[in-house]
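Peer 1: Here is how the chains run, residue by residue.
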Amino acid sequence: MSDAAIFSLAGAEPAPRRRLRPTAGRLLLGLGLVMLTILVLITLLAPLVAPFDPSATSPQSLEGSSSQHWLGTDAIGRDVLSRIIVGGRTTLFITFTAVSLALLAGLVLGLLSGYVGGWVDEVIMRILDVIFAFPVFLLAIAVVAALGPTVPNLILTIAIVYTPAMSRVVRGPVLSVKKWDHVEAARSIGMSEWRIVTRHVLPMVVSPIVVATSLTLAQTIFTVTALSFLGLGPPPPDPNWGGMLADARQFMELAPLTVVGPAAAIVFATLTFIVLANGLREVLDVGSER
Amino acid sequence: MKRVILVRSMWMAAILLGVSFVSFMLMRALPGDFVLAAAGAQMLQPEVLEAMRRDLGLNQPLIEQYLSWLGAVLKGDFGTSFVTHQPVLHELWPRFLVTLELALIAAFIALVMGVSTGLVSARLRGAADWIVRLYNGFILAVPNFVVGTLIVLLVGLYFPELAVLSYTPFLEDPLGNIAGMILPAFALALAISVTISENTRAAVLEVSNQDFVMVARAKGLLPRTILWNYLMRNALTPIITVTGLQVATLLGGSIVIETIFAIPGMGQYLFDSITSRDYPVIQAIVLVAAACVVFINTLADIAYATADARVEA
Amino acid sequence: MTASDPILSVRDLTARIVSRKQIVDAVKGVSFDIARGEAVGFVGESGCGKSVTARAIMRLAPEGTRVELGGSVHFDGQELLPMSEAAMRDVRGRRIAMVFQDPMTSLNPVITVGAQIDDILRRHTGLSGRAARARTVELLDQVGIPAPAQRADDYPHQFSGGMRQRVLIAIAISCDPDLLIADEPTTALDVTVQAQILRLLLRLREERGMSLMLITHDFGVVAGMVERVNVMYGGRIVEAASVDDIFRAPTHDYTRALLAAVPRLDRHGVAP
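Chains as they are written, first to last, in the UniProt record's numbering: chain U, 1 to 290; chain B, 1 to 313; chain R, 1 to 272.
In short, the hints are calculated from the structure, not lab data. Misleading hints may appear alongside valid ones.
Here are some chain R residues pointing at chain B (derived, C-beta under 10 Å) [as the list claims (entries may be wrong)]: (1) Gly-64; (2) Val-67; (3) Gly-71; (4) Met-98; (5) Asp-102; (6) Asn-108; (7) Arg-130; (8) Arg-133.
Just so it is clear, the structure is predicted and the values come from calculations on it, not from any experiment. Note that the Cβ used here is the ideal one computed from N, Cα and C, for glycine as well.
Turn these sequences into a full structure, and let the hints guide you.
Peer 2: If you want it as structure tokens, here you go:
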């Protein structure tokens with residue numbers, strides 16, 4: 001009975017329909033999805049795709065490009081291409097896990113803060129303000145330095161660092177959505193708060209969150225690789241892009257490919273999520289002309 | 001107006017208090033014993049460790065430790081380095097100035113690049129707009145340490161005789177110092193210039209659609225007068241604010257850039273201190289950097305509120 | 001066409017607005033004359049093409065859109081449409097000036113009103129420094145701004161809507177234009193202020209002998225202000241007559257409908 005009432009009420013004022021624009025937005029989104037597929041496939045199939053064992057050394061060190069080693073070898077004769085392919089695993093694993101955690105925390109805190117409001121909102125937002133005051137990268141370095149550079153610690157650190165931004169992204173739309181008529185209406189006929197949140201509030205904040213998550217993924221790849229670059233990444237011998245780049249600097253004039261390879265991998269991965277975010281932003285019409 | 005400044009300043013003080021607490025707790029939450037870290041690699045007798053613990057005030061309740069630490073910090077006493085046994089402030093100050101110089105040069109470069117590309121994008125539109133936006137999207141995907149490394153690589157490969165990559169103290173050779181800062185500052189500025197460019201574009205586009213621009217055109221004013229007195233004067237506030245908000249990114253980025261280019265600033269000091277587990281130094285740098293960010297964000301806030309009052313009132 | 005010596009002569013003017021989303025034929029062949037010193041009203045509902053006609057004469061397209069113009073606009077011996085943009089800039093503000101609808105958004109919020117009169121004077125009259133300043137104060141005084149010497153240094157947000165429209169009128173008349181185009185100059189204002197602004201326009205027109213093109217959706221506004229009226233509908237002029245004739249014996253159905261929308265003419269009309 002009450003279900004039917006809600007249905008017609010929600011139907012009375014339909015959400016603005018998303019018009020699929022046949023323009024640049026969809027082109028970008030398509031490109032982003034193709035890049036993401038390539039990235040994910042290579043990462044998942046890394047052991048099959050990589051031509052060599054990434055940790056196997058050989059006497060042919062710092063070689064240039066050859067038919068055998070497409071991107072040459074590093075200082076102790078390891079195949080650069082294989083190390084890039086396998087190195088993506090660690091980097092992307094940390095990235096995806098950390099961003100998922102930040103997203104989850106952001107959803108919980110943002111919904112709680114925006115929907116409940118009052119002192120709950122005040123307390124949550126003020127605490128997040130304090131974390132927000134630290135430069136992201138500086139805070140990440142300090143936390144990793146304090147906890148020690150292991151994979152779980154890196155994930156935890158990055159999740160902490162990006163939670164405030166995620167919470168803000170969720171809170172904003174929630175604040176405006178909860179004033180909407182159909183939410184008011186749902187409440188007035190006694191719908192439970194949980195169902196209001198899951199059926200009416202959550203769907204409205206999906207678009208901005210999807211875009212923000214994509215951008216955060218790009219930033220996280222940057223943060224993870226930068227930490228590894230400074231030697232605060234996942235411990236050796238597992239290869240990772242930032243670490244490879246840092247190691248290669250010593251001999252980079254002799255073997256430029258050892259620098260260019262991981263650099264290109266980092267740029268490709270970051271670009272994937274930036275393209276994806278921009279495509280999504282256009283297609284989902286978030287924040288319009290920016 | 002005065003009220004705005006007062007409220008924001010009080011707000012700033014509150015955030016700073018929170019920031020100081022986090023900085024303090026960060027180093028107290030270390031796994032293992034703070035004293036063992038302080039003692040460094042030396043093996044010490046338990047009695048000595050106990051004495052050190054007492055000297056450092058570690059036996060007191062946490063909140064008392066925090067308050068006495070905060071009191072000392074407010075007097076400029078950031079403690080003593082575990083490594084050099086010098087007062088932290090004494091070592092930090094010159095390095096802070098170096099980072100400040102790097103950040104200022106980078107902010108200047110970013111502002112020039114960002115505002116010019118953003119203007120081109122917003123005024124010319126069409127193909128120029130697309131080129132700038134694609135360029136921006138791509139540059140955003142290139143992290144500053146990659147830019148820095150590639151710069152070092154390219155200079156090493158093609159201009160090995162160039163001395164621009166070595167740091168010279170300012171007082172020794174001011175021009176050489178600035179010349180040495182330009183490439184690192186550029187690496188640092190690139191990502192920020194994208195944000196400034198996008199915001200300039202958005203701000204100028206928004207102002208372009210305002211009625212007063214149409215009025216200015218109906219007055220027969222020259223395009224350059226309209227550009228500067230009508231478009232830029234109005235777009236400037238958001239642009240400056242955004243630039244101010246990028247300080248956090250600048251400070252974070254300077255850690256990697258200083259390491260790559262061997263610039264003895266705060267970032268490199270932090271990196272060294274992490275390697276040597278010099279916790280009072282790490283704590284001081286984290287606190288100082290966050291305080292800078294909070295301070296500058298507050299300034300940007302006040303600037304924005306002031307300009308807004310003039311526009312909206 | 002009563003005028004023997006028209007200052008403005010428009011023939012078969014068309015305007016096609018091309019934006020990213022659509023193409024609109026806003027003006028579909030409009031012809032009219034405005035004599036020296038004459039005031040002509042353009043009346044029609046919003047979207048009828050009257051504002052686009054005005055902007056077409058000034059060759060002002062909104063940002064981000066392209067307007068393709070056709071026909072001819074003959075102004076004081078010159079053909080405006082083929083003119084270079086630089087030459088057109090010399091016409092705008094000096095020979096033909098314009099007052100817009102919304103005074104709240106038509107002034108640059110970050111520079112003083114004095115500076116906004118100063119810049120057009122510098123551009124067209126060669127006045128600068130103290131002379132420009134004196135002229136600015138004089139203009140503000142002429143449009144009825146009290147304490148003009150002090151007010152010149154105030155920012156737009158320190159003025160009320162009616163006062164801002166006076167400033168905009170001061171800007172428009174600053175270089176003694178031959179033709180003043182007023183595009184819904186009173187629509188955004190309170191009724192009492194509307195009457196004051198209309199009286200001001202009427203007085204300035206009589207003092208200076210300039211021609212006036214008064215655009216409005218409200219027949220009440222044109223009464224007592226103009227000699228002739230062109231009624232526009234769907235991008236065309238559907239009726240052109242003297243103001244007396246149109247009130248007494250409107251011929252076109254649309255004109256009748258518009259007149260019916262004005263409840264009491266005598267109350268809305270402005271006594272000079």
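Peer 1: So which of those numbered hints doesn't the model satisfy?
Peer 2: 2, 3, 7, 8
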